[in-house]
Amino acid sequence: MNETVGLVSATSFRVPAPGLQMTFGVSWPGLLLDGRSTARQRFSPAGAGSTGLSAPRRLTGAAAHRVPAAVAERAQRIIEQEHRLTSLHRMPYEPATRPVASLAPPVAVRGARRRASGASRASARWFGIVRRREVGLAATEPGVSELDAGTAATAATAAEALELEQRRLDTWWEALRSGHQTVVTDQLVRAFAEAGLAAAPMTVHGSYLGLAVLAPEEHLLPTEAVTLSPQGTLSVRPASKAHRARLQRQVVASAVLAAVRCAFAAAPGLAHIRVVVLRAEHRGAVDDVSAIGVVELSRRDLAVADLGVGAEALLTHYGEALRWDISHPEVALRKIPLDDVPELATLLARLCRTGVDDSHRMLEPALA
Numbered sequence: 001m002n003e004t005v006g007l008v009s010a011t012s013f014r015v016p017a018p019g020l021q022m023t024f025g026v027s028w029p030g031l032l033l034d035g036r037s038t039a040r041q042r043f044s045p046a047g048a049g050s051t052g053l054s055a056p057r058r059l060t061g062a063a064a065h066r067v068p069a070a071v072a073e074r075a076q077r078i079i080e081q082e083h084r085l086t087s088l089h090r091m092p093y094e095p096a097t098r099p100v101a102s103l104a105p106p107v108a109v110r111g112a113r114r115r116a117s118g119a120s121r122a123s124a125r126w127f128g129i130v131r132r133r134e135v136g137l138a139a140t141e142p143g144v145s146e147l148d149a150g151t152a153a154t155a156a157t158a159a160e161a162l163e164l165e166q167r168r169l170d171t172w173w174e175a176l177r178s179g180h181q182t183v184v185t186d187q188l189v190r191a192f193a194e195a196g197l198a199a200a201p202m203t204v205h206g207s208y209l210g211l212a213v214l215a216p217e218e219h220l221l222p223t224e225a226v227t228l229s230p231q232g233t234l235s236v237r238p239a240s241k242a243h244r245a246r247l248q249r250q251v252v253a254s255a256v257l258a259a260v261r262c263a264f265a266a267a268p269g270l271a272h273i274r275v276v277v278l279r280a281e282h283r284g285a286v287d288d289v290s291a292i293g294v295v296e297l298s299r300r301d302l303a304v305a306d307l308g309v310g311a312e313a314l315l316t317h318y319g320e321a322l323r324w325d326i327s328h329p330e331v332a333l334r335k336i337p338l339d340d341v342p343e344l345a346t347l348l349a350r351l352c353r354t355g356v357d358d359s360h361r362m363l364e365p366a367l368a
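Numbering (the working numbering), first residue to last: 1 to 368.
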């Protein structure tokens, strides 16, 4: 297996293919193609949901009736697929809340007494009513004090364990809110995995997060587009280069906003997130990774943003220090020189190290 790593050009970096899989997962195809309309996480035992995913528009009117049913159905599928691709940022994410320890189920004293009495009564004949009552009382009374004492001791131990667990949870919660690097990183890794988002935290400094988002691959985009002529005639044709470029920018922007909203929900101490968008081109056993976008987003801005607006327009309006090649609306996103994104150095080293280590593990014989 080719394990070569190194700089390919001023704008791309070659890493072993397992590096991307181990760091980001292979989540985009499942999320974009299986028709799921929502993605939810459970960061804590409780939490309120946020904005839901709107339904795609339906083909109605004369335009849909002037074409064969098969064409109208194919056009509707394309519209729905494009809607899923560009609506990732509208997914609901439950905000993390302070976890509360739960008490273990107490010992059922009454049930234990009933079982002891029932076992003794079973030894007496069923028609000896008086005898059965006497046997039941005799079996219950000697064990009452021991059972009550044991229950009290168990309750005291459970209360101490509950208090200890709550202190542990409160320590974790305060670390999450204060931006503890390890705690926040672990929380985000879990959150992105549960949401099916190809994102990975790079750096955490208090309320600031450096985040890498792997752009959905271009082969996930529809190869056809729905058009409507000036005369109102509906048709399905191969998507033009300009259409795919505009769609790609919307999809990438939607993925960025989805990852940022997910991170803000999972880590309440975060206030600002700087995102570097990566694109991977597969070349056999290696991937050429390049940066195609950089943007900074704040919790305050996204809290008031209208998610019904297109994702690219939201990035343009709310994004700070935006590096987004929009010199021409029909041009796909271009690569950014790696010298302009020095924060990628640590992530690229991790990708290379993870990929090589994983390759060695796959080649090693199984231990006896």
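One or more hints might be untrue.
[Stated by the list, open to error] With a Cα cut of at most 20 Å, we get these calculated SDA-like pairs of lysine to any residue:
no. : residue 1 : residue 2
1   : Lys335    : Thr354
2   : Lys335    : Arg274
3   : Lys241    : Asp325
4   : Lys241    : Glu217
5   : Lys241    : Ala271
6   : Lys241    : Glu281
7   : Lys241    : Ala321
8   : Lys335    : Glu320
9   : Lys241    : Glu224
Read the hints as simulated data drawn from the structure, not as lab findings.
The hints, checked one at a time:
no.: 1; hint: Lys335 x Thr354; verdict: violated (24 Å)
no.: 2; hint: Lys335 x Arg274; verdict: holds (18 Å)
no.: 3; hint: Lys241 x Asp325; verdict: holds (16 Å)
no.: 4; hint: Lys241 x Glu217; verdict: holds (15 Å)
no.: 5; hint: Lys241 x Ala271; verdict: violated (38 Å)
no.: 6; hint: Lys241 x Glu281; verdict: holds (18 Å)
no.: 7; hint: Lys241 x Ala321; verdict: violated (28 Å)
no.: 8; hint: Lys335 x Glu320; verdict: holds (19 Å)
no.: 9; hint: Lys241 x Glu224; verdict: holds (11 Å)
Violated hints for the displayed structure, listed by number in ascending order: 1, 5 and 7.
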